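Asker: What follows is each chain in one-letter form.
Number of protein chains: 2
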Amino acid sequence: MSLLVVGSVALDSLETPFGRREEILGGSASYFATCAGFFGPTRVVAVVGEDFPEEHVSFLASRGADLAGLVRLPGRTFRWKGRYEFDLNTAQTLETQLNVLADFRPVLPPAWRSTDFVFLGNIDPDLQLSVLDQVTAPRFVACDTMNFWIDSKRESLLRTLKRVDLLFVNDAEARQLAGEHSVVKAARTILGYGPKAVVVKRGEYGSLFFSGDEVFAASAFPIPDVFDPTGAGDSFAGGFMGYVARYGSVEPAVLRRAIVVGSVVASFAVEQFSLDRLRTLTASEIMARYAEARRLATFEALEPELFAPGR
Amino acid sequence: MSLLVVGSVALDSLETPFGRREEILGGSASYFATCAGFFGPTRVVAVVGEDFPEEHVSFLASRGADLAGLVRLPGRTFRWKGRYEFDLNTAQTLETQLNVLADFRPVLPPAWRSTDFVFLGNIDPDLQLSVLDQVTAPRFVACDTMNFWIDSKRESLLRTLKRVDLLFVNDAEARQLAGEHSVVKAARTILGYGPKAVVVKRGEYGSLFFSGDEVFAASAFPIPDVFDPTGAGDSFAGGFMGYVARYGSVEPAVLRRAIVVGSVVASFAVEQFSLDRLRTLTASEIMARYAEARRLATFEALEPELFAPGR
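Heads up: the sequence lines are chains A and B, in that order.
To convert, note that position 277 of the first sequence is 277 in the working numbering; the numbers rise steadily by one, no gaps.
For the working numbering, add 1000 to where a residue sits in the second sequence, where the first one is 1.
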């Protein structure tokens, strides 16, 4: 079924303990579409400037991105400069140049109004709403957000949440959004805001999924080194949504597999700078790590007869 | 098979966001023996003072603790005073009164020298070694430690590690001990110090098990509120070792189940102050939460035909 992402396409400059890179391909829509592309095409709604390198356009197209919704505006492409310390879990933003993103008003090509699966990347919740207004009858809408919007656009964000099926957040965002320290309680509170499901991403620790009475806990695949965590969340969402849209179902067992697919794809994405690891990644590597993730998490039933008498 | 613990028996005073308690039962050996007691008896090697309440002795005995190794010395029982902030993951020590623990020289009753399964609780590694010297031919030795010993008694600790089969540590301790930021690399380094297996405990995030090429990732059971995290690690170890000793095997599939048992028992232990939740906990509650932990972690295989052509 059809899948659409609205988000950013960026040129990132990064400093990590392992090295630095200038003006490499980044942005939520780039990671998302590339990862969803393992399963099928993605309609990309985003904006770039006149300076956006053609090689990146070709690369995204080669991964199944339909770029009919990629607007090229006069001016420079959105740029983000960040640094990761030895603890790679949190990025420190050194500089944000919105450039053409400042005037971005997402407009869907008319043929895309009937898209089935929609991912609202981490942009202004008012823009997320304007995208939803343009989609006629989506089957499943997922969205991402961040501390900045939770702080500064809470009302708009709550309006968006009323209209989405699934929210992706990390633990800190879940706590902030719900005003609850307990992640379990925070997830329950967020479900009360409208989404039918919440995925709480916990970086190297894995993720938790809540929907009604359903809870699923996925451990992150334990990799020795995180090289560049940029885009991990969008890679997760891309793998998740690409799988779900390809499957064409959102029943609980499918969503569980989708979470592990997302987690596995993200575990590859962080192994190299930018989207570099995703460029060489193959379906069989994803299959192998997914199978390993299943072996990692498997344990048998407990034997009642082993308990001491009277306990 | 027989199981022995050497550790502390303490009177704890606690402040948490949920209330405070004075001089309640605590100590690694208390939590360990009570949790192992769900599966079978534990030989307890520890020391208390003249002021140690008889009701605690009766309680531990009622949970299968064999107290022939519990020495009562002139003086006061070991006391620990701690505080937990809103983030319950880390304890702040307000006061430590070693009292009779300062002169503790563990001596095993002669009949206990042939114990099969041994848990060396978090005490001075020289004392851990002295216990090992008294056990003739243990089948399986596990040990715990902490940042204080890693800092101040590294050489002794490394001598202990050469003689243990399994080390329980949390992530911070694993990183400190191995001098590696990556938990995966830290675990591999620690395996090089001698233990055949390492369990890295990650609090509310679950735990990782490493042994040779075997890796197991267990999510923590997601409970809404942690009330008092004191003793969580010893409860984990107690459930783990109690199960393993009762089973009489340390094959990989048994250790996996033991990790989940430990995790489940610990998830109950933190629901109330001190050992209070463990006093009312039943085998059927443990069985139910274990079964729920399996449901939480279950997902099916991935379908290769869902990948896009050419990926």
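Think of the hints as simulated: they come from the structure by calculation, not from any bench.
This structure is a prediction, so every number in the text was calculated from the model and none was measured.
Just so it is clear, CB atoms sit at the ideal spot from N, CA and C, and this is done for glycine as well.
Mixed in with the good hints, there may be bad ones.
Selected chain A positions facing chain B (Cβ under 7 Å, derived; list incomplete) [as the list claims (entries may be wrong)]:
(1) Leu191
(2) Ala217
(3) Phe307
Asker: None of the hints should be skipped; say for each whether it holds.
Answerer: Checked hints:
1. A distance limit of 7 Å between C-beta atoms decides the matter here; for Leu191 (chain A) the minimum to chain B is near 13 Å, and the interface restraint is violated.
2. The interface hint given for Ala217 (chain A) is met, as the beta carbon of that residue sits about 4 Å from the closest beta carbon of chain B, less than 7 Å.
3. A distance limit of 7 Å between C-beta atoms decides the matter here; for Phe307 (chain A) the minimum to chain B is near 4 Å, and the interface restraint holds.
In this structure, the one hint that does not hold is number 1.
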